[in-house]
Amino acid sequence: MTAIDIAGVSKTFGSHLAVDDLSLSVDEGTIYGFIGPNGSGKTTTLRMIMNILLPDRGAIHLLGRTGSSAARDDVGYLPEERGLYRKMSVGRLLHYYGALKGAAAADIERETTFWLERLDLAKWRHHKIEALSKGMSQKVQLIATVIARPRVVILDEPFSGLDPVNANVLREAVLELRRRGATIVFSTHDMGVAEEMCDRIFMIFKGRKVLDGTLDEIQARYGHDTVRVRTEAGRAALDGQPDVEAVSDYGNLQEVRLTTDPQAFLARLIERTPVFHFEVTRPSLHDIFVRIAQPDADAGRIAEVGR
Amino acid sequence: MISWRKVWTVAVTEFQNAVRSKAFLIGILLMPSIAALSAVIPKFAGDELDKLERRVAVVDETGRLYPMLSLVADQWNAAQLNKDGSVKGPRFRLHEVKIPAGGRPEDVRMELSDRVRDKEIFAFVELPKALFADAPRIRYYTDSPTFQPLPRWLEEVVGRLVIAERLRNTNVDPQTMLALVREMQLDRLGLLTRSGDGHVAAAKVSDPIRSFVTPLVLMMLMFLIVISTASPLLNSVMEEKMTRISEVLLGSLSPFELMAGKLVGVIGVSMVLSTLYLSGAYAFAVYHGYGDAVTAGQIVWFVVYLILAMTIYGSLFIAIGAAATDLKDAQALMTPCMLLFMAPIFIWMPVVRAPGSTMAIAASLVPFATPVLMTLRMALTPAPTVWQIALGFVLTLATSVFFVWAGGRVFRVGILMQGKSANFAEMWRWVRAG
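Protein chains in written order, with this note's numbering: chain Y, 1 to 307; chain R, 1001 to 1434.
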């Protein structure tokens, strides 16, 4: 079954076209990653799914229902900029947010206990939000999003601003939600997270869909023109090579996009410097993202991959 | 489709947030304390100031009035002392100043003015020869023109003395003379009423507590409850907007449901406050024998108008909170609304003086002022007619429905807007655009 179905949706703010003729289908039980540069239309799309903003054109079906807030109770939404009542206690806040989703008090209580223990916050239950650290607040915000056991969970930048430990805890929580059968849509700037967690990835750029598919499908479309190398000379070994189109320099490792056969490139590289590591690979999501979103991105190429 | 269960959930939470706060508890005690202090302090301070003895120079150009005036002043001063010798009011110590033979009155006035400036005397008064002529005028000189008891006393006493002097020529004995010019007393009475069995009840003596204090207390209660419970809505909406809580909430319920919940919540708070204050005031009134000062009908109308006022001003404050993006802009938007809200307080005095005047009737039918002014008028006599009460109710109800509708539209657009605050023209565009 399709959890979210977006068909030909557009949204304009004044003269700015924020989302342009967007279509997308999210299957139930999947984890769908939304990527795209800042201001590309991710949050607007998520707000339209939530019925917080209404599309100017097109239709959005959420769990088979359309055009109303009917499905809202089955959807948990974590906005990019979080808001919690500072003066409320953790437990009272979770009960309030759960009740707003129409959940029964006993169910809210059970979920509250489960998630507070799961995210190591049980002893903070009776503390006010203002007493919590930023990481703890973000965990509470996530619990508030899922307290009513929603069938669809929409998370706008759920891992931003978290230290690695807390980011891992939240990642685990998202996977737990999937195990429970929820459909999860989240936006992120962290390409590594998108690669690791998402069943499908969707990229929006300047309001238009430019990528949509599994990681394999997306990478396959960009071909095997990329190698990762580690050499004694490092970045300098790649200077002046005629078949190098672009280099992503990670310090000890360089990701190189080639215009020729990787074996011929390897032969020339060995002549210049000792090579410790050479790997023919597919372009990373990060690389693909940068290729699409860099300022001089080829408009024709974007149009082509968007089809 | 509106989910009233969600509206109720928001209302209960808003109500709990309000009544659980320390500010609420302090507010409950503070409001009557301020009211009591504002009544007691001026009285206490006034009484204290009034206990001073004022030295007054009298220039009696008639040559006939001073001895009697001095005598009456002594009687007055004696009356200002309690049995235990403590002072209860202002006393006037008079002494006569004569214009020296051949001296100029201007010089004497100048010298006395200097003595007033030097605080030697409080004031001086001239009783001109013309006092017995057709247009008698006393000349009272002071640098404390706001002090009223002394000039009032002089006006009254000298007036009586002049009449007495005129009567003296008729050979009436002085005691009889004073009795003849004795001050009148006026009894203020209500109207006679006829009961169901035809029995006519005597008119009751008008009582300032019933005729003046009760209406004033009801009006001030209405005003203070609305301002203290509706205005926090502005901060609550702004906080939710600034901290982005509103976006989380709008993921669960519609803007109208959220706004309606907030309104119901604060109306609940206003009901608690009015119950507390009205019961307290009633207990106080019963204790002092004024249990019948307010009728049950007045209380019912008070509650009805309170709900309508809370709806109008609550919607307005919610809309402003949603339209503003910082506190400064919110205050700028609030100023005209507060003036609108305060308007009845500026005109309550003329309404009390003439409750049946065209101005009082018209002002009490303006929906922004109806809750406060109609509450006031209903406690005054003559009370507003049934059609006035009905029309006031219908107009205010229609206005509150409009404000909820328009406020909902402003709220829906404003609550997600960041950056620049909207002005009233933009808010009106949002209302029309829908």
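Just so you know, these hints were derived from the structure itself, not from any lab.
Yeah, the Cβ is synthetic: ideal placement off N, Cα and C, and Gly gets one too.
Don't take every hint at face value.
To be verified - Reference excerpt, derived from the structure (chain R facing chain Y, CB under 10 Å, subset only):
(1) 1006
(2) 1019
(3) 1021
(4) 1025
(5) 1026
(6) 1028
(7) 1243
(8) 1246
(9) 1247
(10) 1248
(11) 1381
(12) 1385
(13) 1386
Unchecked claim - Stretches of chain Y that chain R covers, calculated by requiring three or more beta carbons in the stretch to come under 8 Å of a beta carbon on chain R:
(14) 6-19
(15) 75-89
Comparing the hints with the structure gives:
The beta carbon of residue 1006(R) comes within 6 Å of a beta carbon in chain Y, closer than 10 Å, and the hint placing it at the interface holds. The interface hint given for residue 1019(R) is violated, since its Cβ lies 13 Å from the closest Cβ of chain Y, which is over the 10 Å cut-off. Given the 10 Å rule on beta carbons, the hint for residue 1021(R) holds: about 8 Å separates it from the nearest Cβ of chain Y. With its C-beta approaching chain Y no nearer than about 15 Å, residue 1025(R) sits outside the 10 Å limit, and its interface hint is violated.
Hint on residue 1026(R) is violated. Least Cβ distance to chain Y is approximately 16 Å, over the 10 Å limit. With a least beta-carbon distance of about 19 Å to chain Y, the hint placing residue 1028(R) at the interface is violated under the 10 Å criterion. Given hint, residue 1243(R) at the interface with chain Y, holds; its Cβ is 4 Å from that chain's nearest Cβ, closer than 10 Å. Interface hint status for residue 1246(R): upheld, as the beta-carbon distance to the closest one in chain Y is roughly 7 Å, under 10 Å.
Proximity of residue 1247(R) to chain Y holds as hinted, the smallest CB-CB distance being about 4 Å (cut-off 10 Å). Taking 10 Å as the C-beta contact cut-off toward chain Y, the hint placing residue 1248(R) at the interface holds, the least distance being around 5 Å. The beta carbon of residue 1381(R) comes no nearer than 48 Å to any beta carbon in chain Y, farther than 10 Å, and the hint placing it at the interface is violated. Using the Cβ-Cβ criterion of 10 Å, the hint placing residue 1385(R) at the interface with chain Y is not satisfied: the shortest such distance is roughly 47 Å.
Hint status for residue 1386(R): violated, given a least beta-carbon distance of 44 Å to chain Y, over 10 Å. Coverage of the stretch 6-19 of chain Y by chain R is violated [criterion: at least 3 residues with CB-CB distance below 8 Å; count 0]. Counting residues of the stretch 75-89 of chain Y whose C-beta lies closer than 8 Å to any C-beta of chain R gives 13; at least three are required, and the coverage claim holds.
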